[in-house]
Amino acid sequence: EPEVTQTPSHQVTQMGQEVILRCVPISNHLYFYWYRQILGQKVEFLVSFYNNEISEKSEIFDDQFSVERPDGSNFTLKIRSTKLEDSAMYFCAREGQTADTQYFGPGTRLTVL
Amino acid sequence: GQQLNQSPQSMFIQEGEDVSMNCTSSSIFNTWLWYKQDPGEGPVLLIALYKAGELTSNGRLTAQFGITRKDSFLNISASIPSDVGIYFCAGQLNWRGSARQLTFGSGTQLTVLP
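Sequence order for the protein chains is A and B.
The first sequence: position 18 = 18 (my numbering), numbered continuously.
The second sequence: position 81 = 1081 (my numbering), numbered continuously.
Just chain A, with the same shape it has in the complex (with noise of 0.2 Å):
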């Protein structure tokens, strides 16, 4: 099945700064979701978006983050003041045709100095 891209592959910010990650689904989907891996770590969860809303999200989400999809196309995952601790692979998922399947992009290195 057709994957997802996302954008950038790697981001180096300054503490406190605002990054946005990108992700653009090949072809339509309504069933979104972010997850990030801290280097050495297992995937975790931070939010799923259906239909334009967040559906379901993990104590990890807090009020720094926020995810939209503003052209109907893109679907993107904005940190608001980056800390240190945000330094993680970052993956946008998109379900299959089998719901209850997830596929993967091949994530964003976020870097926060």
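Derived from the structure by calculation, the hints contain no laboratory data.
Just so we're clear, the structure is a prediction, and the values are computed from it rather than from any experiment.
Note that CB positions come from ideal geometry on N, CA and C, so glycine has one too.
Misleading hints may appear alongside valid ones.
[Claimed, not checked] Per label pair, the in silico range of CB-to-CB distance:
no.	chain 1	residue 1	chain 2	residue 2	range
1	A	D71	B	T1068	43 to 49 Å
2	A	V24	B	Q1009	30 to 36 Å
3	A	D62	B	A1099	19 to 25 Å
4	B	S1057	A	R80	45 to 51 Å
[What the hints assert, rightly or not] A few chain A residues that face chain B, going by a derived Cβ cut-off under 7 Å, partial list only:
no.	residue
5	K42
6	V43
7	S48
8	F61
9	D62
10	D63
11	F65
12	A88
13	F91
14	T101
15	G107
[Claimed, not checked] Some chain A residues flagged as far from chain B (calculated, every beta-carbon gap over 10 Å):
no.	residue
16	V12
17	T13
18	M15
19	E53
20	S66
21	S73
22	G96
23	T98
24	Q102
25	G105
26	P106
Add chain B to chain A, keeping to what the hints say.
Chain B alone, transformed into the frame defined by chain A:
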């Protein structure tokens, strides 16, 4: 939240050997997924399991959904060098359209020696 215990944490095997890894949970899942992740890349879906007791194969990979819905295992037969990577189990509750997020295990790092 739900926790997944994945074991072993790492494995070193000779090329051609079979390998097995498993995940256990304190609570039930309605779907089990197995992913492989190469360094610097996103997880790639290997096998999806939807029903308790289900046994599913994908080439040299075989996975089973435990009867209790609290565990799953993945077997790789006749390992080859490209099997190297980190394997993750993931569970999904997906109860009545909600709780669709995946809960991941901590991963099994597989090294295949020539």
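Now for the hints, and whether the structure bears them out:
Distance hint check: the CB atoms of A:D71 and B:T1068 are about 45 Å apart, consistent with the given range 43 to 49 Å. One distance hint, 30 to 36 Å for the beta-carbon pair A:V24 and B:Q1009, holds here, with the actual separation near 35 Å. The beta-carbon spacing between A:D62 and B:A1099, approximately 20 Å, falls within the hinted interval of 19 to 25 Å. For B:S1057 paired with A:R80, a C-beta distance near 46 Å keeps the hint of 45 to 51 Å intact.
With a cut of 7 Å, the hint placing A:K42 at the interface with chain B holds, because the nearest CB-to-CB distance is about 5 Å. Hint on A:V43 holds. Least Cβ distance to chain B is approximately 4 Å, under the 7 Å limit. Taking 7 Å as the C-beta contact cut-off toward chain B, the hint placing A:S48 at the interface holds, the least distance being around 6 Å. Residue-level restraint check for A:F61 is violated (minimum Cβ-Cβ distance to chain B is 11 Å; threshold 7 Å).
A distance limit of 7 Å between C-beta atoms decides the matter here; for A:D62 the minimum to chain B is near 15 Å, and the interface restraint is violated. Here the hint on A:D63 is broken, as its CB sits about 19 Å from the closest CB of chain B, past 7 Å. Hint status for A:F65 relative to chain B: violated, with the closest Cβ pair at about 15 Å, above 7 Å. Taking 7 Å as the C-beta contact cut-off toward chain B, the hint placing A:A88 at the interface is violated, the least distance being around 13 Å.
Among the interface hints, the one on A:F91 holds; its C-beta lies about 5 Å from the nearest C-beta in chain B, closer than the 7 Å criterion. Checking A:T101 against chain B: minimum C-beta separation of about 5 Å stays under 7 Å; hint holds. Given hint, A:G107 at the interface with chain B, holds; its Cβ is 5 Å from that chain's nearest Cβ, closer than 7 Å. With a cut of 10 Å on Cβ distances, A:V12 stays outside the contact zone with chain B, its closest approach being about 15 Å.
Under the 10 Å C-beta cut-off, the non-interface status given to A:T13 relative to chain B holds; the minimum distance is some 19 Å. At the 10 Å boundary, the C-beta of A:M15 stays outside the reach of chain B, the nearest C-beta of that chain being 23 Å off. Every C-beta of chain B lies more than 10 Å from that of A:E53, the closest at about 13 Å, which supports listing it as non-interface. Every CB of chain B is more than 10 Å from the CB of A:S66 (nearest about 18 Å), matching its label as outside the interface.
The beta carbon of A:S73 sits about 20 Å from the closest Cβ of chain B, which is more than 10 Å, so the claim that it is off the interface holds. Residue placement check: A:G96 does not keep its beta carbon more than 10 Å from all beta carbons of chain B (closest about 8 Å). Not every Cβ of chain B is farther than 10 Å from the Cβ of A:T98; the closest lies at roughly 7 Å, contradicting the non-interface assignment. Some Cβ of chain B comes within 10 Å of the Cβ of A:Q102; the nearest lies about 6 Å off, and the non-interface call is violated.
Distance to chain B contradicts A:G105 as a non-interface residue, since its nearest Cβ pair spans about 5 Å, not more than 10 Å. Against the 10 Å criterion, A:P106 falls within the reach of chain B, whose nearest CB is about 5 Å from its own CB.
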